[in-house]
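J.: Sequence:
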Amino acid sequence: MDAHALVVLLGPAAGMQIEVEDELLIGRLASGPGLLGRDAELSRRHALVRRSGSQLTIVDLGSTNGTRVNGRPISQPTELYPGDRVELGASLLEVCGMPQAEPGARPLAAGQNVPPFSARVADRRDASVKRPISQIILAAVAVAAVATAAIAFATGGSDRPTGGAPFDGTVYIETNVDKPDQNSILALRYQSGSFRPLQITEYPTGGSGSHDLSDRGVLDADGEVITNPADTLLFAVNQGSDSIAVFHIAGDGSLTPVSGSPFPSGGTAPASLALSGSILIVANKALDGVRDLTHVQPDYATFRVASDGSLTPTGSTILQPRGSAPIQVDVAPGGRLVFASEESGLLLVLRLTSSGQLIQAPGSPYLLPNSLFAPHRRPHPVWPAGLSFNPDAHILYSGVPNYGTIVAYDYDSSGRLTLDGEERDPNAFLPCWSVVSADGRNLYFANAATDNISVWDIAADPRHPHLLQTVALPGGGNPWNLRLDPTGRFLYILTPREVAALVPAGQGQLLHSLRIGRNGTLRELPSSPVTLPVTRNTNPFGLAIVPRR
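Residue numbers (numbering that gives the first Met the number 0): 0 to 548.
A portion of the hints provided could be inaccurate.
Now the in silico label distances, taken between C-beta atoms and shown as ranges [stated by the list, open to error]:
#1 Gly36 <-> His465: 24 to 34 angstroms
#2 Arg321 <-> Ala39: 49 to 59 angstroms
#3 Lys178 <-> Ser53: 32 to 42 angstroms
#4 Pro72 <-> Lys178: 29 to 39 angstroms
#5 Gly36 <-> Asp419: 53 to 63 angstroms
#6 Ser370 <-> Thr231: 25 to 35 angstroms
#7 Ile73 <-> Arg514: 45 to 55 angstroms
#8 Thr56 <-> Arg488: 27 to 37 angstroms
#9 Arg488 <-> Pro72: 38 to 48 angstroms
#10 Gly36 <-> Arg522: 31 to 41 angstroms
#11 Asp460 <-> Ala39: 13 to 23 angstroms
#12 Arg514 <-> Asp251: 16 to 26 angstroms
#13 Ser53 <-> His379: 12 to 22 angstroms
#14 Gly36 <-> Asp391: 54 to 64 angstroms
To be clear, the hints were calculated from the coordinates, so they are not data collected in a lab. Cβ coordinates follow ideal geometry from the N, Cα and C atoms, glycine included.
Please model the complete structure; the sequences and the hints are all you need to start from.
T.: Here you go:
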């Protein structure tokens, strides 16, 4: 497959590859492949795809139902890049990537552009055989219309991405594949907030992930992928194989597994990680959507991180009741208070000693107070999620997803909590995950059910956030992990297909880039979103950002 080809993922012609020689008319009046298997939902002259050199451009021809690229309706000629998805009629198409010419192959013609999508790889089946490939092919499909991805693999850090477009840093996402030894980290380079031209390298974690499209809570987590403050180590959960993968991060963003990785997680089905100095805290959820873990207790375990990145258990473990399902563990500024949320409804506050021991703080655990709800109207179940901290005050922010509310807590040096305020975005539901800007002026919440982001002003009154903006995200998906880039100018948001009832097959699995304005409001970049090369029923999660060194 090359960059002049489209693959039909869904629709009457699912599985068909279409080569674009010069122009391709798509519609009911077209002939040959432009009929898309006689897709009855197409207009007579629906859209036109043009090829110029190695560049494809699509234009909608005034169709009745419109044409969408990466979930966004188009009204003018739009350039297509490898991995872009085009929706028209009842069909979903994807642009192929183009393999790099092998040594001795015919050189590119004069004026022909190098395909804007590169990575170097090593054959995963035999680490001794390394084959350079300059393309991650994002569209190879079975007749059953299940997209698969031929991904570039890198092992041991010995085959690092080289050349290609300049970049400012790297974003890391976990594919979360639940098959044995198939989980991995995707590394995507960005420049000025954009992931175009798309450059991705994949690094095996040595374990397996989790799976859940039925919203059973398996995937409810944040902090699945984190880095140390120096951005020299990356930690990732293997939820389905009870281990933590640890990588060295090179200056160019490439990853090399730490000797001995992956390491046992100290429990079952790790879901969330946090770091305080040289102590790693792991929340083991005891839920992965694959195994029957109903009789296993979740726990919180700690590890000492050695200078070489290896993990050694501290011996501190806090067991929780079966079914409590930890969601997130995070460390407050100062590094001595650890907060954890659970789907049982509890909010734990733990004190962390210098030796890595976890001790319940006074008053912990906490339930969301009845005063938060109307008299006799406390919903069940109800739980806290999306923990984040104000950098300038002892304030903890949390969402209450199924109540559609965000709350602010005061906490003192001992860890005691006091509920201060609650706010609601009338245009959002399931506020699950959050991040606070480094200057403490804005709070961002990802709303998993409504596919949008709420922007809150917390500068004027940090205990009572003021809603500034609700931003819709194109392309479908459940907004999950979100992170600010190190400059504070861009917000990156992962919108996987985590809940099948909310996201139709073929949507989601996207990474968004939004520019942050002076007052904290957001505007999506024209190049956003980009599609992640994962199979359709995979639930990617976790987001970490490292600037180029």
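J.: Taking the hints in turn, state whether each one holds.
T.: How the hints compare with the structure:
Taking 24 to 34 angstroms as the suggested C-beta distance range, the pair glycine 36 and histidine 465 does not conform, at roughly 51 angstroms. Distance hint for arginine 321 and alanine 39: a CB-CB separation of about 51 angstroms, consistent with the stated range 49 to 59 angstroms. Separated by about 34 angstroms at the C-beta atoms, lysine 178 and serine 53 satisfy the suggested range of 32 to 42 angstroms. Under the hint 29 to 39 angstroms, the C-beta atoms of proline 72 and lysine 178, about 36 angstroms apart, fit the expected range.
Distance hint check: the CB atoms of glycine 36 and aspartate 419 are about 58 angstroms apart, consistent with the given range 53 to 63 angstroms. Restraint check, serine 370 to threonine 231: a C-beta distance of roughly 45 angstroms breaks the suggested window 25 to 35 angstroms. Between isoleucine 73 and arginine 514, the C-beta spacing of about 21 angstroms breaks the proposed range 45 to 55 angstroms. Roughly 29 angstroms separates the CB atoms of threonine 56 and arginine 488, a value that falls within the hinted 27 to 37 angstroms.
At about 27 angstroms, the beta-carbon gap between arginine 488 and proline 72 misses the expected band of 38 to 48 angstroms. Look at glycine 36 against arginine 522: about 38 angstroms separates their beta carbons, and that is inside 31 to 41 angstroms. Between aspartate 460 and alanine 39 the Cβ separation comes to about 56 angstroms, which falls outside the hinted range of 13 to 23 angstroms. Between arginine 514 and aspartate 251 the beta carbons are some 25 angstroms apart, a value that agrees with the proposed interval 16 to 26 angstroms.
Separation of serine 53 from histidine 379 is about 57 angstroms and departs from the stated range, judged on CB atoms against 12 to 22 angstroms. About 59 angstroms separates the C-beta atoms of glycine 36 and aspartate 391, a value consistent with the hinted range of 54 to 64 angstroms.
Going through the hint list in order, the structure does not satisfy hints 1, 6, 7, 9, 11 and 13.
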